[in-house]
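Colleague: The sequence shown: position 132 = 132 (our numbering), numbered continuously.
I should point out that these hints are in silico values taken from the structure, not numbers from a laboratory. A few of these clues could be false.
In the DSS-like style, the derived pairs of lysine-lysine whose C-alpha atoms are separated by at most 27 angstroms in a straight line are [what the hints assert, rightly or not]: (1) Lys645 x Lys597; (2) Lys594 x Lys501; (3) Lys196 x Lys178; (4) Lys48 x Lys14; (5) Lys643 x Lys594; (6) Lys645 x Lys593; (7) Lys501 x Lys593; (8) Lys594 x Lys645; (9) Lys178 x Lys168; (10) Lys597 x Lys643; (11) Lys593 x Lys643; (12) Lys653 x Lys594.
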Amino acid sequence: SLYVSEYFSQSAQKLSFYSWYGNAKLFHFRVPEDTVLLRWLLQASRGKGPECTDMEITVHFRYGAPPVINPLGTRFPANATVRPSYNISIALSSAVQNTTFVNVTTPAAGDWFIAAHLPEAAGRIEVKGFSTPCPYMFQADMFVLRLAEMPILEPGVLTPQTIVSPAKPLHVKLFIPKHAAGMRLELRNCLTGQQKACTVRVALGSITLPQSFQRIITCVGSTNCSLALDSPPWEKWLQVMVESLSTANTSVSVEMLASFTACRPGSASSFLNFSSLNQSQTGARPGSAGALGSSALSGGEAWRNTSSLRSSCLQSQPVVREDLDVVSVRYRLLNGPSVPVNSFSPTILLLSLDTGMDSGGSLVVSLLLNKTSVNLANATVAGCVSAASPVLSLNTTRNCSTAFFQGYPLSVSMASAEAMLIVLYPQTDDWFLSLQLVCPGGQGECNAAEAKVTVFAYLTPCFNDCGPYGQCSLLRRHGYLYAGCSCKAGWGGWSCTDDTKAQSVGAQNLATLLLTLSNLMFLPAIAVAVYRYYLVEASVYTYTMFFSTFYHACDQPGIAVMCIMDYDTLQYCDFLGSVVSIWVTILCMSRVKKILKYVLFILGTLLIAMSLQLDRRGVWNMMGPCLFALVVMMAAWVYHGVKRKRCYPSSWKRWVFYLLPGITLAFIAISVYAFMETNENYYYTHSIWHVLVASSVAFLLPPRDKHKKPWAWSQKLTCRYQICQNDREELYAVT
């Protein structure tokens, strides 16, 4: 056999601490057909700075869809199917880099996904620029070894094969046709090169993660050995590996025979005409994500021939796939949403999810039993959702599993008429919904019974749109799209349904009131600015107070939210007002000439607006203007001190009662903002930031100019034709 090795690589990604699925870094590979060995090369590294500590990286693997993970141990939504992912841990301790290999023999061909993340996030809010986080990098490479020409095993043909040596197993494949109800593989006349009885191990199927249903049997001696499978995957190549267990390095000859049991579908499966399609489109309910449409045709017409039902092993209902948006699909039944179900043969619905772009959402299947169905008594409608092939024996085995897939069961009865199933990140494949009527007393009790079941099936990016306390985000890795829920207000879980740490409504209202009403502390600063004739500064403080109040009213994670305009606009205006307030306050303290001060006001505001547009959360957007304004202030104070030949400001009362308290409040505010804020205490630490900053402004504003008189409204309003005095004449008189 000729083996071909291939290598696939993707660029390294910077890992993040885990708080929701968007923090996990996803790698998407496609394993080619006829692959006999898959090797993952996982490389993890970290920076060399003192901020880098020992770290453990968790890596998850899954075939067919992104892995469903739960590092935080939160609850999943009700009726959701959850199976643990296969994962390994990579430790970064003393070594800066760690290289790990993961081998998978006879892997399934198709999509494979790897997700990597760091431990749970600490919840601390870090200001960009104040601290340098340690970079943890992760890269996944894939090596595959595949056969260039894998021998094909034809059904019904006894084929001789040879195992060259124990170190070189035999690989063959066979194609499973559609409507195959069962498969049987036989090994005959197994002999070694010395014509002795041999021992071989046969592995049927490929390995998938996190669960693998590969069938393995050991054949001993020259007697015939066989393996039977129920519901093998339809229209797929099935790989068979035969490995010699002999200790001697000799060849082994064996004869292989594969046979299938055909399943004849009922007449309803082939009934599909354009009149029913048009009628179902006309009767569809617009705007309903779970609607499958309706039809004027009666579904019971196809079930009147009882002899046909007994002779067929399944009844297939025609289903139309309707693509609505990205990772959003609705399935419509052409014969109406009500499906007739009996006990003779299962009713099969095909839910196609084989485009390669459907595995990043949630498949929702809902059943509703019509209680007016006759002769149901204690009967139950058993259902099973499976991939690759349907379950055809629900009334006998009641086992929701196929040859290589463990399905998801659901059922409805007169006692419980509704059932729902949520499959998180369904693997790329053809999915089937099997329905069959099951009676406690056996099939004979159900001969005269027929149930009507309304089926709703759809694919959605996020189940229930993540609820009122979550936001559904569409994530992208190269060309692959998948969705995840980002939860708020302490809610958690896959769909933000876990209220273990959720904030109460009272706590949400308190957080909103603290973050909004704390901005009213700017009122004293505005009053001081107006009293001292700093009207431009007072206007800036009013602007900041207004937009900070409504930005935080719109930024709340819970239900106490009010947005007067677009969120991004409110955030930009809040950040701009905050930085410009600091800018104008420091320049006002410098006591430069008015013309120069107003030029700096306008020029600085324009530059600050530009820098915030480039990087809104950068620390230098605030520190840069502050430092430049402080340089201007210190230069102006030195100039005034040299000119007057004494310290400036000269009054000790000014230093003790105004400047030192204002500077102290400003430093405390910066410390709280930069080092103390976390996700849990944000609503009161940030409120303290508002109070301290606004209070420091009231202390730091300089006194009014000496030639400015206090506001005396009674004196100024006595003269109707002149409110303002001529400052120039007054200065001239004083001189």
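Colleague: Out of the numbered hints, which ones does the structure contradict?
Modeller: 2, 3, 7, 9
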